[in-house]
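Please work from the sequences and hints to get the whole structure.
Protein chains in written order, with my numbering: chain A, 1 to 115; chain B, 1001 to 1110.
Quick caveat, the hints were computed from the structure, so don't treat them as lab data.
Computed from a predicted structure; not experimentally measured.
For each residue, glycine too, the CB sits at the ideal point set by N, CA and C.
A few of these clues could be false.
To be clear about the criterion: a stretch of chain A counts as covered by chain B if any three or more of its residues have a C-beta under 8 Å from a C-beta of chain B, and this derived list gives those stretches [unchecked claim]:
#1 42-49
#2 52-59
When the alpha-carbon atoms are kept at most 30 Å apart in a straight line, the in silico DSS-like pairs for lysine-lysine are as follows [stated by the list, open to error]:
#3 Lys54/A - Lys41/A
#4 Lys54/A - Lys1079/B
#5 Lys1079/B - Lys15/A
#6 Lys41/A - Lys1002/B
Per label pair, the in silico range of CB-to-CB distance [what the hints assert, rightly or not]:
#7 Asn63/A - Glu1056/B: 38 to 48 Å
#8 Gly1009/B - Gly3/A: 25 to 35 Å
#9 His10/A - Leu1080/B: 25 to 35 Å
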Amino acid sequence: EAGVTQFPSHSVIEKGQTVTLRCDPISGHDNLYWYRRVMGKEIKFLLHFVKESKQDESGMPNNRFLAERTGGTYSTLKVQPAELEDSGVYFCASSAQGALGYEQYFGPGTRLTVT
Amino acid sequence: RKEVEQDPGPFNVPEGATVAFNCTYSNSASQSFFWYRQDCRKEPKLLMSVYSSGNEDGRFTAQLNRASQYISLLIRDSKLSDSATYLCVAYGGATNKLIFGTGTLLAVQP
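The structure is reproduced here in structure tokens:
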């Protein structure tokens, strides 16, 4: 069974540019989560989709971040315009419907560098 | 104050040593607790769950003390392959989000 995949693995952009990160969850997983780790800090929750609906977006830092999950399959996270403090590793995780919240499987992450 | 606090380390130990990591959490409403392992530049992977009664998996033992809001992980007979960052994680309960500590870096030396 394929795991959670993320694209790209690395992205280097200039301040003010736009970047779109993609996450493909494990097939059949209704729950999809985005987390972020900035250097020296802990991994922090950004938001949670159940199928195509945003269940909890309390962790989104500001309105420069837009997450979508059209059709309830893959998800994208767009940062527009990017700022220096957006640099970090963005992880996606998924879990099956009804699974205990902690049974989340993580993707390898996208390392974003804003210069 | 962070919701989950850990000593960042690093813990440098020789092979075969026993090492213990501690973690405290501030939200008494947290329902479940876990230890995740993260290798350098890799994703976090669930190592084990933590129960009040203790949870042992081979060389690894995890313990939860709800009264003190304290979680521990004990690794016996350390192997080189145990070198990684160990993340203490609380499950938020009301929402399905994981609350991570900053992690404790373990380096097992030959």
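Structure-based check of all given hints:
no. : hint                            : verdict
1   : 42-49                           : holds (count 5)
2   : 52-59                           : holds (count 4)
3   : Lys54/A - Lys41/A               : 25 Å, holds
4   : Lys54/A - Lys1079/B             : 42 Å, violated
5   : Lys1079/B - Lys15/A             : 43 Å, violated
6   : Lys41/A - Lys1002/B             : 10 Å, holds
7   : Asn63/A - Glu1056/B: 38 to 48 Å : 47 Å, holds
8   : Gly1009/B - Gly3/A: 25 to 35 Å  : 28 Å, holds
9   : His10/A - Leu1080/B: 25 to 35 Å : 28 Å, holds
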